[in-house]
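Engineer: Below are the chains, spelled out letter by letter.
Number of protein chains: 2
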Amino acid sequence: MMKYFIPKGTRDFSPIETYNRNFLIKTIKKCFKIFGFYPLETTSIENISTLNKKYGEEIEYLIFRILNSGNSLNKEILNFLKEINKSKNIIDNNIIYNFLSKKALRYDLTVPFIRYIIMNKDKIFFPFKRYQIQPVWRSENPQKGRFREFYQSDADIVSTSYSLWDEIELIKLCDFIFTELNLSITIFINHIYILKGLVEIVGIKNNLWKNFITILDKWKKIGEDEVKKEMLNKGITLKSFNSIRSLFSIEGDFKNKKKFFEKKFKFSDKGKIGLNEINFIYKSIKNISLYKTKLKWDISLARGINYYTGIIWEIIPKKCDDYNSIGGGGRYDKLMGLFGMKNIYGTGISFGLDRIYLAMEKEKLFKINKHNFSPSKIIFINFGYKEVLYSYKLLDTLRKKGISAQLYPSYSDINKQFKYAYDNNIPFVIIIGEKEIKSNKIKVKDIKNKIEREYNNVNDLINYIK
Amino acid sequence: MMKYFIPKGTRDFSPIETYNRNFLIKTIKKCFKIFGFYPLETTSIENISTLNKKYGEEIEYLIFRILNSGNSLNKEILNFLKEINKSKNIIDNNIIYNFLSKKALRYDLTVPFIRYIIMNKDKIFFPFKRYQIQPVWRSENPQKGRFREFYQSDADIVSTSYSLWDEIELIKLCDFIFTELNLSITIFINHIYILKGLVEIVGIKNNLWKNFITILDKWKKIGEDEVKKEMLNKGITLKSFNSIRSLFSIEGDFKNKKKFFEKKFKFSDKGKIGLNEINFIYKSIKNISLYKTKLKWDISLARGINYYTGIIWEIIPKKCDDYNSIGGGGRYDKLMGLFGMKNIYGTGISFGLDRIYLAMEKEKLFKINKHNFSPSKIIFINFGYKEVLYSYKLLDTLRKKGISAQLYPSYSDINKQFKYAYDNNIPFVIIIGEKEIKSNKIKVKDIKNKIEREYNNVNDLINYIK
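These protein sequence lines are chains A and B, in that order. Using the numbering used here, read the first sequence as starting at 2 and increasing by one per residue. Using the numbering used here, read the second sequence as starting at 2 and increasing by one per residue.
It is possible that some hints are incorrect.
To be verified - 30 angstroms max Cα-Cα, derived DSBU-like pairs, lysine-lysine:
hint, chain 1, residue 1, chain 2, residue 2
1, A, 444, A, 420
2, B, 222, B, 295
3, B, 363, B, 401
4, B, 402, A, 363
5, A, 229, A, 284
6, B, 335, A, 4
7, A, 122, B, 363
8, A, 31, B, 378
9, A, 402, B, 378
10, B, 343, A, 371
11, B, 4, A, 124
12, A, 402, B, 145
13, B, 30, A, 401
14, A, 387, B, 222
15, A, 222, A, 206
16, B, 124, A, 145
17, B, 27, B, 371
18, A, 27, B, 394
19, B, 287, A, 27
20, B, 145, B, 219
21, A, 368, A, 343
22, B, 368, A, 363
23, A, 219, A, 258
24, A, 30, B, 287
25, B, 365, A, 31
26, B, 27, A, 439
27, B, 76, B, 206
28, B, 319, B, 293
29, A, 449, B, 124
30, A, 27, B, 365
31, A, 267, A, 229
32, A, 378, B, 240
33, A, 229, A, 297
34, B, 30, A, 363
35, A, 31, B, 444
36, A, 402, B, 320
37, B, 368, A, 27
38, A, 371, A, 320
39, A, 420, B, 222
The set of hints was computed from the structure by calculation and includes no laboratory data.
Model the full assembly from the supplied sequences, consistent with the hints where possible.
Structural biologist: Laid out in structure tokens, this is it:
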């Protein structure tokens, strides 16, 4: 037989995986709704000119580009060849890309959301709260928990006014979701302005900010030695590195750390702003309960994407060997400006469905597993034409009551039909043969408990199987 | 401000559109489950070698190809140029495609499903019933109701034995879904072997079969004159065309038509097989109720895709000006064979979510419209820090009970906050100011009915808003 494969980094989801993923999506969606977020879906395929707006060069190798198709391709190939003849340089991917591809699969849900806002700004009432649960595609090297096609679940608040209640709502939302899922989490929180304050007081130059943030974000993945090496490489001095290293290691509860940094930020306005806002979050959350969430200020927390402007955060399962982020977010007040829309504030959170799935599986939190997953509650044995017609009346009634029931599709060996029920964990088998039709009885077999019963009417049967 | 666009034929879905689409998906999914179908999801990106298996050359211009990315592209471009130099012919899309692209977005859900079965055949218990609701992509010219990205909802039964109860179950499933949706439909049904019988008796040659089917499928779209022209063009004689034309116009109920064609198919074994099977469906369905469905034998019904081998059908809304298919399916017993798996039978149905959406909208069947669509049932006015902290206790209680409630995110002008509630159709506004905190009251305003009430505790409030 021929062999078939799926592309590297992509996945199929078996029935039980799909079921549990759907359960996650349903739960998260329910919570988004309870918090008053609108649903939204955007096209999978975006113009590259839109995607470029935010990501810039970094996407070069990360987006899946759609090849222009049909007749236009020939023209583009011809133009491309002319271009090459002119420049005598064929090894420039950009030229190739620009001729061959003008569209790509979306890379995240934030840029499509902002693009949607710009296109529909006259129809939207601000503050605009929306959630979006859709797949995104990245051509990264696949790793454990990292795939080329994966689902993001985002909730964002875009507003004409600046309010830290948005952050509080998102933290509450997070807590609500993971309370529903029964998964304890830690939210690590920090502030871009605190990092800016730190950079200021340890004397890292302004032009190294972007490098600093990008390398810092990798700390938990690559370790201190590697971070040190990379930072020194980029021109951060050993003295600066050591100072910031020692500031990162300040221990104690929030109050103590706050006190310490208040002194440190005496001459850093940026540091002060960051500290004030973190303090606001802490002070308010103390008065508003969280159930499954521990909030933790991590002064070394950075997020690689450089559009964040305020509070940033990352969600980690409480029981977690390695630093395994299952979501994160932050404030991005300048992002809409990049797209030409000024005085608009935004903050949002993104949940990684696959990461949550893995964490839930590890803690055995899914109720459905291979021992109890079944396509229906009931199966009718197929005894032949007359019996099937008779069974359909019962099937109809059961289905109308929302009870999942099916008929074994062909009239075949009874053992084979029972084996199908066993193999698929179907709990109840209904036996309606000639005898049962004559006596007007419904015979039902409880497979697991090996009990056989007879009922006179379908309502008694329904009560029994419930 | 800069302008942004989305690619031709793709769409964003506004909150209310997303809501109603989700309603459709949820309903269809519920019905699939009630009928005992397993859920399944497959990767969006397939190897072109897999897709080619079924569709062959027809997909050339219809699939969205993913451009190979990164460093490998240069090598491929170089090889491509060498190839061109060799052949002195650059205008062959196939050469270009093969070098630049080895993956593509899925084109339907059937081929991925079959590919999944082949890859997982040792883990699957047959009969395998699965549903799959995911987007597919086709680079066709966009038209009304036809898009480049759209959702399919498929239910298939793949089995080691042949049984027409599979068809019956799918027809029942169809009826169940559209009964839930309250949309009356007609199912037009026919049989490939009836068409083969017709071709036999009117003397159309075997080698014209594929052309005949493809042109016939377009009848409702392009009209009789155009069909005649195309058929004659392909070598079907005028006599054959006229004979088949007159056979298509046989009127009467099923019984009469059956009688008529029994005579006609006296010497056509294929015709007899088809007629017998159609008769089985009719006879059985007569004994099993359908609620929102009228079954109609349309002897001229063909389906363009040439892998069908038995019963074929198409679903049309009852109230429908033009022939607007909202779904269809059929038996494809030889499809698995193409992939190297013999003695496996398959039959399935595919629902077009967008077409159903349009039909539902036309008949005003969605309960949610722009006058009653709202992101939450309740909004709390934001009176400032102390009031918000107090409100959060109530918010918590409401949300835990599953009631959608939110807080206006910033402390701003009360009129602006009320306007937000109006604009978003939020039915209840909760007012908790200094006075209410002091008197321990909850003030609630019913926006639509302009009623203001006060409650002492949250349970009374919940009873009221329910």
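Engineer: Does each hint hold? Answer for all of them.
Structural biologist: Hint-by-hint comparison with the structure:
1. 444/A - 420/A: holds (18 angstroms)
2. 222/B - 295/B: Holds: residue 222/B and residue 295/B sit about 22 angstroms apart, inside 30 angstroms.
3. 363/B - 401/B: violated (37 angstroms)
4. 402/B - 363/A: Cα-Cα ~29 angstroms, so holds.
5. 229/A - 284/A: violated (34 angstroms)
6. 335/B - 4/A: holds (18 angstroms)
7. 122/A - 363/B: holds (27 angstroms)
8. 31/A - 378/B: With a Cα-Cα distance of about 14 angstroms, the restraint between residue 31/A and residue 378/B holds, given a limit of 30 angstroms.
9. 402/A - 378/B: holds (29 angstroms)
10. 343/B - 371/A: Satisfied, since the Cα-Cα distance of roughly 28 angstroms is no more than 30 angstroms.
11. 4/B - 124/A: holds (16 angstroms)
12. 402/A - 145/B: violated (37 angstroms)
13. 30/B - 401/A: holds (15 angstroms)
14. 387/A - 222/B: Answer violated: residue 387/A to residue 222/B is near 41 angstroms, above 30 angstroms.
15. 222/A - 206/A: holds (25 angstroms)
16. 124/B - 145/A: holds (23 angstroms)
17. 27/B - 371/B: Holds: residue 27/B and residue 371/B sit about 20 angstroms apart, inside 30 angstroms.
18. 27/A - 394/B: Satisfied, since the Cα-Cα distance of roughly 25 angstroms is no more than 30 angstroms.
19. 287/B - 27/A: Judged against 30 angstroms, a Cα distance of about 39 angstroms means the pair is violated.
20. 145/B - 219/B: Holds, at roughly 17 angstroms.
21. 368/A - 343/A: violated (47 angstroms)
22. 368/B - 363/A: violated (41 angstroms)
23. 219/A - 258/A: holds (23 angstroms)
24. 30/A - 287/B: Violated, at about 42 angstroms.
25. 365/B - 31/A: holds (26 angstroms)
26. 27/B - 439/A: violated (40 angstroms)
27. 76/B - 206/B: Roughly 49 angstroms between the alpha carbons, so the hint for residue 76/B and residue 206/B is violated.
28. 319/B - 293/B: Between residue 319/B and residue 293/B the Cα gap is close to 9 angstroms, so the pair holds against 30 angstroms.
29. 449/A - 124/B: holds (22 angstroms)
30. 27/A - 365/B: holds (27 angstroms)
31. 267/A - 229/A: Measuring from Cα to Cα gives roughly 27 angstroms; hence the hint holds.
32. 378/A - 240/B: violated (56 angstroms)
33. 229/A - 297/A: holds (24 angstroms)
34. 30/B - 363/A: holds (28 angstroms)
35. 31/A - 444/B: Distance of about 27 angstroms is within 30 angstroms: holds.
36. 402/A - 320/B: Status holds; Cα separation ~28 angstroms.
37. 368/B - 27/A: Judged against 30 angstroms, a Cα distance of about 21 angstroms means the pair holds.
38. 371/A - 320/A: holds (24 angstroms)
39. 420/A - 222/B: Judged against 30 angstroms, a Cα distance of about 48 angstroms means the pair is violated.
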